[in-house]
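Visitor: Make a model of the complete structure from these sequences and hints.
Numbered by mature numbering (1 follows the signal peptide of the UniProt record, and there is no 0), the letters in the sequence shown go through residues -23 to -1, 1 to 421 in order.
Hint data in this document are derived by calculation from the structure and do not stem from the laboratory. Bear in mind that the values here come from a model prediction, so they are computed numbers and not experimental data. None of the hints are false.
Cut-off 27 angstroms, straight-line C-alpha distance, at most; resulting in silico cross-link-like pairs (DSSO-like, lysine-lysine): (1) Lys44 to Lys64; (2) Lys157 to Lys139; (3) Lys202 to Lys139; (4) Lys24 to Lys254; (5) Lys199 to Lys139; (6) Lys201 to Lys116; (7) Lys64 to Lys24.
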Amino acid sequence: MKYFLLTTVASVLLVLSGNNADGLNVKMPGMNYNTRKGPDWAPESSKCKNAAEIQRDMYALKAVTDKVRIYSLLDCNQAELVLPAAKRAGLQVHLGIWTTASHSYLLQERAKLAALIDTGLYDNNVIGLHVGSETIYRKEISADTAIRYMNETRVYIRSRGKNTPVTIADTIDIYNLNPKLVDAVDYVSVNQFSFWEKSDVNEGAAVTLDRLRNLRTLAASKNKKVVISEVGWSSGGFDVGAGIASPENQVKFFADYHLMATAHNFEYYWYVAFDSKWRVTNGGKEVEADFGVFREDDMMKSSFQQLTVGVRTPRAIRNAGTRLLLSEKGGNLYMSGKSNDWLVQEQQVWFFDAATQQVRSKSSDRCLDAYQGWDGGIVHVFRCMDQEANQKWMFYSATGTLRHMKHQGFCLDTDPAQGNRVQLYGCSSNNANQQWIVINPENV
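Guide: So, in structure tokens, the structure goes:
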């Protein structure tokens, strides 16, 4: 079975377009990778992948990404093994330094860092360095200590002539609670799992946008980029505190997330490259073993092989009468004029999905929804569900009307007499309140 999860077209006539080639047809910006293959207590040969296994992994990953991200320089000696293997495969590397409450462990990681520089393995193929991964979230160290660890590391690599961007990887909540982290890092690096928040898979990408909103605003005010350093969904197992894990849900979330991230120009690192059954042996939850795009034998999961991800073309929807733009904020619709505010500009952008007849907001990644089929019926945005009849719309370019497919004879309408309220109303000819112009946002 071939999964066609989304195809959105440039035409306002909503003509369906698809890619019928087998295999994953998009590349991820980056993927998290671990050289582990066994539990903590196993001997090195059983716990850690060897150089040949790592090289095979790197060649497999090159098909779906151009960047890999690791968590430690020391564990399984992975930096020394991954750096040359990644370069041979044509992959760039984002390095990680594992931190704990012990400063002496940081010094061990830094000694390895020095050796990598001394031997020339640390070169221009290294594109980033994070110092710590959720160490503050795990309450092992404070934000101040994390910043001190990072500063020590950054000062050291600068003294060695390396200008690699340096950051601290932690959760969105930790960054929100400690805004000084944003000031300290070269760029913001956050992990976000809608899966672990027990989100509906249809709303997984939207929940990420909700969680990022305040942090994005803060980071933008300080001219700092935000990178999502971990994001993913499990394909198997069960956990009462998590979303529903299945192959279908994993690729559904991936497709939605990739399209959302592409629309917002977000850089992200998918968690994780390969399934890791050793995590269960190590005492982890069953669902933690199945986050990979690939199985442990380097074979891409069939659900990803069969996945075709479409494209989304941004559109602005302008009312012919008021010349204002259909906009969305916090689930509510409003009409607005041209703006130089980047957040407002996002709120004015929509995506038409020809396959599902949905109109999706860029601002929230939720869909235009009308559940009251009468004059003045409420129109809002709601989590996108492909089979939800309240979310079915069709744009008729000849009349400029956006007609509801369930509530026949009703159109999207804005009423200037009610403060430009957006509503559902019986379709009428030559009514400027119901006439819309669908355009490229760059032409607003």
